[in-house]
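J.: Chains as they are written, first to last, in the numbering used here: chain A, 1 to 221; chain B, 1 to 393.
Hints are supplied without guarantee of correctness; some may be wrong.
[As the list claims (entries may be wrong)] Cross-link-like lysine-lysine pairs, in silico, DSSO-like; alpha carbons within 27 Å at most: (1) B:K89 x A:K165; (2) B:K89 x A:K169; (3) A:K213 x A:K199; (4) B:K261 x B:K315; (5) B:K169 x B:K232; (6) A:K165 x B:K74; (7) B:K89 x A:K167; (8) B:K261 x A:K197; (9) B:K138 x B:K89; (10) A:K168 x B:K89; (11) B:K315 x B:K68; (12) B:K74 x B:K138; (13) B:K304 x A:K199; (14) A:K215 x A:K199; (15) B:K219 x B:K177; (16) A:K18 x A:K122; (17) A:K165 x B:K138; (18) B:K304 x B:K315; (19) A:K18 x A:K213; (20) B:K138 x B:K261; (21) B:K171 x B:K140; (22) A:K197 x A:K215; (23) B:K322 x B:K261; (24) B:K89 x B:K74.
Because the hints were derived from the structure by calculation, they are not lab data. All values reported here derive from a predicted model rather than from experimental measurement.
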Amino acid sequence: MSMNPFCEIAVEEALRIKEAGRASEVVVVSMGGEQCVETIRTGLAMGADRGLHVITQDSSSLFPLAVAKLLQALVSSEQPRLLLLGKQAIDDDCNQTGQMVAGLLGWPQATFASKVSISDDKESVCVEREVDGGIETIQLQLPAVVTADLRLNTPRYATLPNIMKAKKKSIQRVTPEELNVVIGSDLEVLEVTEPPKRKAGVMVASVDELLDKLKNEARVF
Amino acid sequence: MALAAAIARAAGRFSIQSRALATAALEQSYDATLDETAAQFKKSVQHFAAEHIAPHAATIDATNSFPKDRNLWKLMGDFNLHGITAPEKYGGLGLGYLYHCLAMEEISRASGSVGLSYGAHSNLCINQLVRNGTEAQKEKYLPQLISGEHVGALVMSEPNSGSDVVSMKCKAERRDKGYVLNGNKMWCTNGPVANTLIVYAKTDNSAGAHGITAFIIEKGMEGFTTAQKLDKLGMRGSDTCELVFQDCFVPPENILGQEGKGVYVMMSGLDLERLVLASGPLGLMQACMDVVLPYVRQREQFGKPIGEFQLIQGKLADMYTKMQASRALVHSVARSCDAGHIDRKAIQCLGGNGYVNEYPTGRLLRDAKLYEIGAGTSEIRRVLIGRQLYKDE
Chain A
1 MSMNPFCEIA VEEALRIKEA GRASEVVVVS MGGEQCVETI RTGLAMGADR
51 GLHVITQDSS SLFPLAVAKL LQALVSSEQP RLLLLGKQAI DDDCNQTGQM
101 VAGLLGWPQA TFASKVSISD DKESVCVERE VDGGIETIQL QLPAVVTADL
151 RLNTPRYATL PNIMKAKKKS IQRVTPEELN VVIGSDLEVL EVTEPPKRKA
201 GVMVASVDEL LDKLKNEARV F
Chain B
1 MALAAAIARA AGRFSIQSRA LATAALEQSY DATLDETAAQ FKKSVQHFAA
51 EHIAPHAATI DATNSFPKDR NLWKLMGDFN LHGITAPEKY GGLGLGYLYH
101 CLAMEEISRA SGSVGLSYGA HSNLCINQLV RNGTEAQKEK YLPQLISGEH
151 VGALVMSEPN SGSDVVSMKC KAERRDKGYV LNGNKMWCTN GPVANTLIVY
201 AKTDNSAGAH GITAFIIEKG MEGFTTAQKL DKLGMRGSDT CELVFQDCFV
251 PPENILGQEG KGVYVMMSGL DLERLVLASG PLGLMQACMD VVLPYVRQRE
301 QFGKPIGEFQ LIQGKLADMY TKMQASRALV HSVARSCDAG HIDRKAIQCL
351 GGNGYVNEYP TGRLLRDAKL YEIGAGTSEI RRVLIGRQLY KDE
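Using the sequences and the accompanying hints, generate a full structural model.
T.: Put into structure tokens, the structure is as follows:
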């Protein structure tokens with residue numbers, strides 16, 4: 001199971017923050033079945049200090065709100081100053097978890113980060129975000145939630161020495177029950193269908209014919 | 001502005017997904033007996049090779065040389081690939097032969113030529129220095145070889161001494177302050193570019209195998225030159241040449257091992273060379289699967305993908321089982337060596353490698369053919385295996 005690309009960017013950013021002396025520890029969290037262990041190991045091999053695995057029987061019931069509630073529970077025991085997530089997962093493309101956990105925790109949030117700078121006094125973080133109108137720069141008091149976008153950084157390869165060192169790093173396992181979180185969902189997937197196949201285009205001989213088709217067939221005007 | 005930004009974001013998203021898909025497409029390389037760390041190690045080298053080596057494979061083959069615009073030796077050194085079996089104090093990883101085999105397979109998968117050159121550098125040269133070198137020699141030569149700043153090579157063959165390597169004629173005559181080498185060596189992989197070369201020569205022509213001494217030669221030593229780069233059928237880009245020694249003076253501290261004991265350095269080295277380099281054709285077999293499987297799923301004839309026809313499925317099965325059997329053997333022998341049992345027979349069996357199905361690209365076939373010849377021809381290996389089996393009570 002490989003790491004979601006945006007999450008990889010988040011892990012990379014966390015490592016850079018630690019290397020810049022602005023953080024003391026990087027903990028990687030993954031939720032789901034046994035295949036999460038491989039993902040956590042990738043994070044450890046990149047340089048994270050330890051891993052947390054929330055074991056669930058069935059990954060498909062982990063909708064964003066459930067993940068957000070589990071993160072909220074972990075935050076209360078781990079007390080991190082910064083929660084870094086990928087902006088969205090490439091399987092469901094929801095782009096909700098970061099925002100939801102910030103709401104549950106009452107923490108400030110900065111999503112789609114393309115640049116992250118922790119202040120010297122480690123009390124706040126300055127984030128540049130890519131929005132439709134351009135780049136927005138905001139400052140947040142820590143602790144805060146930041147979600148990573150594509151251009152934030154280029155993740156490092158897990159170096160071979162770090163892969164060997166990761167063998168000795170710990171991965172703590174915990175269940176939703178131990179965290180007092182009930183994971184269920186208010187959402188039920190009824191149906192998934194492919195969009196209809198594109199029909200072949202039609203060649204027209206003249207502008208008049210084009211206008212006729214636009215009016216009478218496509219009913220554009 | 002907003003539209004351009006949205007398009008750029010969409011294009012970026014696509015590139016992230018296609019990168020994930022591209023490496024997922026190479027997933028079939030598989031050995032269930034590898035532990036988590038070894039599997040992760042192999043995958044990491046695979047990703048590195050897919051990104052930094054594979055894109056250049058065709059050009060390396062076409063131009064018969066490594067890329068000029070980037071230093072692959074240094075790149076591989078930065079990724080800690082050269083000193084896998086070397087001690088950490090020289091910059092190595094301090095791991096065993098299984099890990100070296102995993103790396104060799106993935107590099108060869110990306111480019112057979114780069115794999116062969118890498119194998120010669122990291123196993124023939126670096127590992128021989130690790131196993132036989134004095135502390136002073138290791139400190140002098142290993143750090144730069146392991147970092148990739150220097151390239152290593154090893155040569156024993158001569159124009160008239162191939163399988164009959166002990167018949168070598170290159171002489172090393174004792175003169176007052178050291179040795180003077182005279183003669184020619186042939187088929188030296190990395191010869192044209194190597195900074196550090198292990199060369200075998202006869203210090204005593206009358207003593208047969210026990211007259212061989214291993215020397216460490218440095219590029220630039222007076223009397224040592226390389227002749228033209230060879231134009232080969234395959235493994236193009238893995239530079240090979242003839243070495244010429246004309247009154248080349250070598251100081252005594254450059255003897256690797258002991259005078260007259262070079263044959264032990266050579267033969268024990270060959271055992272391990274054959275193990276690690278056996279992963280070369282494994283990588284080529286895997287590269288064939290990487291090309292063939294997507295192709296047979298897409299190419300249609302008679303109204304359906306050709307992968308649905310039984311004869312094609314039969315070929316796929318043959319390729320796959322041969323590759324898996326080879327891989328299981330190589331890994332099993334590697335583990336055995338790591339545990340200290342260097343089983344000659346098992347290693348000689350690896351000489352029977354080099355199967356490649358004719359179906360995929362011509363380059364893979366041309367590259368694979370080398371493995372039936374280099375480091376021990378298939379004929380010689382059959383003789384050695386048979387002889388060993390016969391001798392064992």
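J.: Does each hint hold? Answer for all of them.
T.: Do the hints match the structure? See the list:
| no. | hint | verdict |
| --- | --- | --- |
| 1 | B:K89 x A:K165 | holds, 16 Å |
| 2 | B:K89 x A:K169 | holds, 23 Å |
| 3 | A:K213 x A:K199 | holds, 16 Å |
| 4 | B:K261 x B:K315 | violated, 48 Å |
| 5 | B:K169 x B:K232 | holds, 25 Å |
| 6 | A:K165 x B:K74 | holds, 23 Å |
| 7 | B:K89 x A:K167 | holds, 20 Å |
| 8 | B:K261 x A:K197 | violated, 74 Å |
| 9 | B:K138 x B:K89 | holds, 10 Å |
| 10 | A:K168 x B:K89 | holds, 20 Å |
| 11 | B:K315 x B:K68 | violated, 39 Å |
| 12 | B:K74 x B:K138 | holds, 19 Å |
| 13 | B:K304 x A:K199 | holds, 22 Å |
| 14 | A:K215 x A:K199 | holds, 19 Å |
| 15 | B:K219 x B:K177 | holds, 20 Å |
| 16 | A:K18 x A:K122 | holds, 12 Å |
| 17 | A:K165 x B:K138 | holds, 25 Å |
| 18 | B:K304 x B:K315 | holds, 18 Å |
| 19 | A:K18 x A:K213 | violated, 62 Å |
| 20 | B:K138 x B:K261 | holds, 19 Å |
| 21 | B:K171 x B:K140 | holds, 25 Å |
| 22 | A:K197 x A:K215 | holds, 24 Å |
| 23 | B:K322 x B:K261 | violated, 39 Å |
| 24 | B:K89 x B:K74 | holds, 19 Å |
The structure is inconsistent with the numbered hints 4, 8, 11, 19 and 23, although it conforms to all the rest.
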